[in-house]
Amino acid sequence: MKCPGEGDGVFENRKENGVEPPPAAAFAERGQRLAERPAAAVASGRQREERLVESGRTGQRGMGHQPREAAVGDSPTRFNTDLNQVEWNPGLGYRLTGGGIMSPAMALIHELAHGVNRIVFAQYDSDYGTTEERRAIVTYDQAIAALLGEPTRQDHNAQPVHVPTVLYHTPNLPPPG
Amino acid sequence: MKVFALNALLAVALVASPSRAVASEEPPTFGSTDVAGALRGAEVAEIYILGRSSLFPGAPGPDTVRLLGCKYFLSRSSPAWAELEAAFAGVDIRLAPATTRPAELGVALILGDRAGIVWEMYAEDPFPTQTAVRGFSQRRRVEMSATFVRALEAFATRNRDYGVADGAPRVCH
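Protein sequences, first through last, are from chains A and B.
Using my numbering, the final residue of the first sequence is 177, and nothing's skipped along the way.
Using my numbering, the final residue of the second sequence is 173, and nothing's skipped along the way.
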């Protein structure tokens with residue numbers, strides 16, 4: 001199955017010599033290809049953004065346009081501890097302190113990490129705001145972001161930004177000097 | 001002579017206009033007396049309490065507090081207005097060093113009159129161990145006493161009747 005514009009994407013099952021790979025092998029192969037994907041994902045996201053700009057769907061047109069963001073909404077991704085529920089905005093990435101943009105998919109992973117952690121009582125943390133945020137970022141975000149080629153972060157600061165795809169991300173900026 | 005006078009006038013205008021422009025862009029200064037004065041001049045107050053039940057990918061900012069926080073609204077004619085003024089008795093707001101980490105905002109207080117916003121303040125929801133919290137006031141990064149923020153939260157808890165259901169999460173009321 002191909003997602004529109006994805007080409008030979010990671011979600012496509014491949015047959016070797018006409019034989020369907022076994023599920024476990026297929027899963028491992030997908031994982032490997034997902035790990036190798038980041039550069040392509042960034043390129044794909046940027047190309048798609050360019051196409052959206054060309055077609056006028058990003059709100060770059062003149063007066064009277066309807067910004068594309070309006071269709072996605074501004075509600076932030078969050079984990080509700082009372083309901084044990086994640087609310088995900090697939091159109092919001094997060095610009096990190098290092099300058100890179102974390103994808104909406106990584107934001108979802110971050111919130112799912114809170115669910116996995118089963119928070120009982122978070123305490124104040126001078127670097128990450130709370131001990132729970134430290135645990136989610138250090139234990140999950142940093143490892144998974146490194147695996148996927150997404151920008152890693154050392155704090156909980158992030159500004160929401162609208163992005164064209166759920167996998168869209170950009171690397172951290174190189175340090176000055 | 002006329003040309004000289006015109007040039008002189010133009011020069012004065014050019015010299016005067018940038019400083020005036022800069023002055024208008026300067027954020028308003030404040031101190032504890034200014035805050036008390038803002039409350040005296042305000043006609044309405046909005047309080048937003050985000051609570052700890054929501055966790056976000058990044059530290060919540062002012063927009064998030066206003067969008068998802070439980071909202072309370074009261075006017076000068078409200079019986080609880082005097083109680084709100086009492087909460088201001090403990091306010092101690094000072095500019096924070098520029099190097100301080102951005103705050104994880106959880107509480108907001110916005111004062112207004114018929115012309116618009118008079119004063120606004122955003123602060124962290126203090127943990128029991130904290131004596132001071134970080135935040136923003138009049139678009140400046142500030143620090144303030146945790147006592148003041150706790151007083152605001154206690155005020156909201158005591159006065160749930162002022163809660164505004166419109167747009168607020170169900171768990172507020």
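Since the hints were made in silico from the structure, they are not lab data.
Any given hint might turn out to be false.
[To be verified] Which stretches of chain B does chain A cover? Using the computed rule of at least three CB atoms under 8 Å from a CB of chain A, they are: (1) 97-106; (2) 132-143; (3) 151-165.
[As the list claims (entries may be wrong)] Sample of chain A residues facing chain B (criterion: CB under 8 Å; computed from the structure): (4) 76; (5) 77; (6) 94; (7) 98; (8) 100; (9) 110; (10) 124; (11) 131; (12) 132; (13) 135; (14) 162.
Computed from a predicted model, the values in this text were never measured in an experiment.
Glycine is no exception: its CB is placed at the ideal position from the N, C-alpha and C atoms.
Going through the hints against the structure:
1. 97-106: holds (count 3)
2. 132-143: violated (count 0)
3. 151-165: violated (count 0)
4. 76: With a closest approach of 6 Å, the residue 76 of chain A hint holds.
5. 77: holds, 6 Å
6. 94: Residue 94 of chain A check passes; min Cβ-Cβ to chain B is 5 Å, inside 8 Å.
7. 98: violated, 13 Å
8. 100: Result: violated, 13 Å to nearest chain B Cβ.
9. 110: Since chain B brings a Cβ to about 5 Å from residue 110 of chain A, closer than 8 Å, the hint holds.
10. 124: With a minimum Cβ separation of about 4 Å from chain B (threshold 8 Å), the hint on residue 124 of chain A holds.
11. 131: Violated. Min distance 10 Å.
12. 132: Since the shortest Cβ distance to chain B is 7 Å, the answer is holds.
13. 135: violated, 11 Å
14. 162: This interface hint is violated because 13 Å lies over the 8 Å limit.
Comparing the model with each earlier hint shows violations of hints 2, 3, 7, 8, 11, 13, 14; every other hint is respected.
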